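The whole structure should be built from the sequences, with the hints applied where relevant.
Numbering (the UniProt record's numbering), first residue to last: 1 to 159.
Simulated from the structure, these hints should not be mistaken for lab results.
Note that the structure is a prediction, hence the values are computed from the model and not measured.
For every residue, glycine included, the Cβ atom is placed at its ideal position computed from N, Cα and C.
Careful: at least some of the hints might be erroneous.
List of simulated lysine-lysine pairs, DSS-like, C-alpha gap at most 27 angstroms [what the hints assert, rightly or not]:
hint: 1; residue 1: Lys108; residue 2: Lys97
hint: 2; residue 1: Lys76; residue 2: Lys15
hint: 3; residue 1: Lys99; residue 2: Lys15
hint: 4; residue 1: Lys72; residue 2: Lys108
hint: 5; residue 1: Lys76; residue 2: Lys99
hint: 6; residue 1: Lys97; residue 2: Lys15
hint: 7; residue 1: Lys108; residue 2: Lys15
Here are the in silico distance ranges between beta carbons for each label pair [as the list claims (entries may be wrong)]:
hint: 8; residue 1: Lys72; residue 2: Cys34; range: 28 to 34 angstroms
hint: 9; residue 1: Pro131; residue 2: Lys97; range: 32 to 38 angstroms
hint: 10; residue 1: Glu7; residue 2: Ala74; range: 17 to 23 angstroms
hint: 11; residue 1: Gly17; residue 2: Leu71; range: 14 to 20 angstroms
hint: 12; residue 1: His127; residue 2: Met91; range: 19 to 25 angstroms
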Amino acid sequence: MLQDSVEPTICPSPKLGIQIPIRDDWDNINNTICQNGIIWFTDGSKIRDKAGADVFQAEIYAILACGMGILKTAPKRRTIQICTDSQAALMAIESSKVKSRLVLDCKKILNDLASCNRVILTWVPGHSGVPGNEEADRLARLGSIGYPIGPKPILGVPI
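The following block contains the structure:
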């Protein structure tokens, strides 16, 4: 069976900034969102067992997919901000000790992106009216309604 766990690995944190602003900072979105950058909002969602992953994996995979999508456009010397409502995902990406293959893959993609760009991962409070996050949440819920195609688990058994 596919597993997500790897031997505990020391993996330097990506060369990026991680911001966890207080909830009140989001009252003025201009204080927390880069004004001249590439801005993406992510969300991982799960309804019962339909996602083929646990919620943490869905959140990490959302950040990974975002990073891969941005890399395809080959930006150079840009500010890229990826917003997520998962503090657990941000802490896992920031940690130097990794036990998840998915987190390792995510850190590699983010490092590739940060090699020629300024990358900022930002926590956004969920369900608090932040427009980009509300849209990401809506799309994630929509995506979690159907059943995944293919064998389960989709992302490997969580550790």
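Discussion item. For the hint 19 to 25 angstroms, verify it against the beta carbon of His127 and that of Met91.
Written reply: 20 angstroms, holds
Item to complete: Starting from Lys97, check that the Cα of Lys15 is at most 27 angstroms away, please.
Response: 15 angstroms, holds
Fill in: Agreement of Lys108 and Lys15 with the hint, judged by alpha carbon distance not exceeding 27 angstroms
10 angstroms, holds
Discussion item. Checking one constraint from the list: CA of Lys76 to CA of Lys15, max 27 angstroms. Satisfied?
Written reply: Measuring from Cα to Cα gives roughly 15 angstroms; hence the hint holds.
Discussion item. Need the status of pair Lys76, Lys99: alpha-carbon distance at most 27 angstroms?
Written reply: The given pair, whose Cα atoms are some 31 angstroms apart, is violated under the 27 angstroms limit.
Worksheet entry | Proposed proximity, Lys15 with Lys99 (alpha carbon, max 27 angstroms) | Roughly 19 angstroms between the alpha carbons, so the hint for Lys99 and Lys15 holds.
Practice prompt. With respect to the beta-carbon atoms only, verify the hint that Glu7 and Ala74 lie 17 to 23 angstroms apart.
Written response: 33 angstroms, violated
Worksheet item: Regarding the pair Lys108 and Lys97, is the alpha-carbon distance no greater than 27 angstroms?
Response: 14 angstroms, holds
Fill in: Satisfaction of the hinted span 14 to 20 angstroms by the C-beta atoms belonging to Gly17 and Leu71
Taking Cβ atoms as reference, Gly17 and Leu71 lie about 18 angstroms apart, which means the hint holds.
Item to complete: Determine whether the Cβ-Cβ distance between Lys72 and Cys34 falls within the hinted range of 28 to 34 angstroms.
Response: For Cys34 against Lys72, whose Cβ atoms are near 20 angstroms apart, the range 28 to 34 angstroms is violated.
Worksheet item: Taking only the CA atoms, is the gap from Lys72 to Lys108 under or equal to 27 angstroms?
Response: 15 angstroms, holds
Worksheet entry | Pro131 paired with Lys97, Cβ distance criterion 32 to 38 angstroms | 35 angstroms, holds
Figure legend: structure checked against the earlier numbered hints; hints not met, in rising order: 5, 8, 10.
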